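Using the hints provided, position chain V relative to the given structure of chain F.
Protein sequence lines correspond, in order, to chains F and V.
In this text, residue positions in the first sequence follow our numbering: the first is 1, and each later residue adds one.
In this text, residue positions in the second sequence follow our numbering: the first is 1, and each later residue adds one.
It should be emphasised that the hints constitute simulated quantities derived from the structure, not laboratory data.
All figures in this text were calculated on a predicted structure; none of them were measured in a lab.
Among these hints, one or two may not hold up.
Label pairs and their in silico Cβ distance ranges [to be verified]:
{"hint": "1", "chain 1": "V", "residue 1": "GLU143", "chain 2": "F", "residue 2": "LEU84", "range": "26 to 32 Å"}
{"hint": "2", "chain 1": "V", "residue 1": "ARG98", "chain 2": "F", "residue 2": "ILE16", "range": "25 to 31 Å"}
{"hint": "3", "chain 1": "F", "residue 1": "VAL51", "chain 2": "V", "residue 2": "GLY265", "range": "53 to 59 Å"}
{"hint": "4", "chain 1": "V", "residue 1": "LYS208", "chain 2": "F", "residue 2": "SER54", "range": "41 to 47 Å"}
{"hint": "5", "chain 1": "F", "residue 1": "VAL204", "chain 2": "V", "residue 2": "ALA270", "range": "57 to 63 Å"}
{"hint": "6", "chain 1": "V", "residue 1": "ARG98", "chain 2": "F", "residue 2": "SER54", "range": "44 to 50 Å"}
{"hint": "7", "chain 1": "F", "residue 1": "ILE16", "chain 2": "V", "residue 2": "GLU143", "range": "27 to 33 Å"}
{"hint": "8", "chain 1": "F", "residue 1": "SER54", "chain 2": "V", "residue 2": "GLY138", "range": "47 to 53 Å"}
We put the beta carbon where it would ideally sit given N, CA and C, even for glycine.
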Amino acid sequence: MDWDWNFVWEIMPTLIQGVKITILATILGSILAAIVGLAIALARRSENRIVARSIGWFAEFIRGTPLLVQLYFIFYVLPDIGILLPPLVAGVIGLGLHYGTYTAEVYRAGIDNVPRGQWEAAKACNLNGRHTWTHIILPQAIPPMIPALANYFIAMFKETPLLSAITVLELMNQAKSVANTYYRYIEPMTLVGVFFLVISLCSVVLLRWLEHRYGRIER
Amino acid sequence: MKKLGILAGVAGLAVSTMLLASGARSADDAKLEQLKQQGFARVAIANEPPYTAVAADGKVSGAAPDVAREIFKRLGVNDIVASISEYGAMIPGLQAGRFDVVTAGLFMKPERCAAVAYSEPVLCDAEAMLVKKGNPKGFKSYEDIAKDSSATIGAPGGGTEEKLALNAGVPRDRVIVVPDGQSGLKMVQDGRIDAYSLPVLSINDLVKKANDPNLEVIAPVQGAPVYCDGAAFKKGDEALRDAYDVELAKLKKSGEFAKIIEPYGFSAKAAMSTTREKLCAAK
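Looking at chain F on its own, in the form it has when it is part of the complex (with noise of 0.2 Å):
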């Protein structure tokens, strides 16, 4: 066995194609996991219990089953009730789905440490509720909370390869087709380690970066 660079230089197109769609991947996931965590958050404070109750269950059933599974329900299972979606969506849906019901909780917490006075204060300026929370409380709660949010889009990141599951042919999936065609997993499985440790010490700096100029806000 030995290091062929002429091989990695072969098959580094190949690669980058696959690279591409775990970035899609990954960031069409981060984008549903903030939305459906912020969703899952506000229902569990409704004051309609059973909406809050409902869909609190829900939360603890996707945290309870691992992603693997879900990805496979998806995309095997819920065609036999008609709904047929392609790989990549089906992907990105298990991702948003169970990434969502983490960043649920991030928001959760961020919400609760807005100090009990921002409530009054909106209550006693007249605000309306929906107001109250896209002026005076969302506007607090989500800077402290995006290292915690970053910290799960990066984990996000790292579990795309279970896609290759369903067929969607990402980073992992590209490489072990290549492995197949050549005998060869030296040079593709570490280009994949590489690859993902550049893009995520990337994403660190970048995520940092956010944080500074974002994550303090005056009080």
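Coordinates of chain V only, in the frame set by chain F:
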């Protein structure tokens, strides 16, 4: 500086892997002795009936492991222990020493012959495609799929069918790697792929179990040759392979070979009318 450190780390890892690998060259006859002593041989299979199958209780059957079990018994190795693997991972797994032999319907082709030491032919089969009833897109060959720019084909990763499709000009993004037979069947039923390709006997087995009137089998696929597999050994284990070949030839001659593989639907005559040399040279 930090970046350099990472690069050095990666390079160091690669170098140490190379050093480890070069130390692991096994002596020839020692291999059979070692298998005899441990009492079993580790084989790679794919769980694709009738080639290879794993029953619910974990018992390994299928034509390929059954032949291997009999031959190893005659060589003095009592049993085989199977692990399920993707086709593409079998040869690297063999080279890495994860199995002693691949008995999985891994068809002989020149590039595979270059990578492993095959026994003489064991199981022969043509290629087939599973499509929806009435063959709505009118496929007859892999080229037909290449021509229809909206058509997709599923195949096992690293399997013969995947390469046949790619060689026929189907672009990579329309050749969907399907993890197992059941998933492939489901993906045709759901319309995720237009065709699912496996050897004829595997497709027939799958369709029989599914019992779905909305499916149809195209067999044989036009332009695709009949392939034969053999037991695949690691390069360097040629002595073991030669011993295996001797017993295989005896089995073939005595008619026991036919008794093992024909109940599974394979033709003993097909395997006996060709040789490794011919199959490995075929283009």
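Cβ-Cβ distance between SER54 of chain F and GLY138 of chain V: within 47 to 53 Å? holds (50 Å)
Is the distance from the Cβ of ARG98 of chain V to the Cβ of SER54 of chain F consistent with 44 to 50 Å? Holds: the Cβ-Cβ distance is about 48 Å, inside 44 to 50 Å.
Has the hinted range 27 to 33 Å been met by the Cβ atoms of ILE16 of chain F and GLU143 of chain V? holds (29 Å)
Cβ distance range 41 to 47 Å for LYS208 of chain V and SER54 of chain F, holds or violated: Distance hint for LYS208 of chain V, SER54 of chain F holds at roughly 44 Å.
VAL204 of chain F versus ALA270 of chain V beta-carbon gap, inside 57 to 63 Å or not: holds (59 Å)
Kindly confirm whether 25 to 31 Å is satisfied by the beta carbon distance between ARG98 of chain V and ILE16 of chain F. holds (30 Å)
Cβ separation of GLU143 of chain V and LEU84 of chain F, checked against the hinted range 26 to 32 Å: Holds, since GLU143 of chain V and LEU84 of chain F (Cβ atoms, about 28 Å apart) stay within the stated range.
Does the Cβ-Cβ separation between VAL51 of chain F and GLY265 of chain V fall within 53 to 59 Å? The hinted range 53 to 59 Å holds for VAL51 of chain F and GLY265 of chain V, with Cβ atoms some 58 Å apart.
Comparing the model with each numbered hint stated earlier shows that all of them hold.
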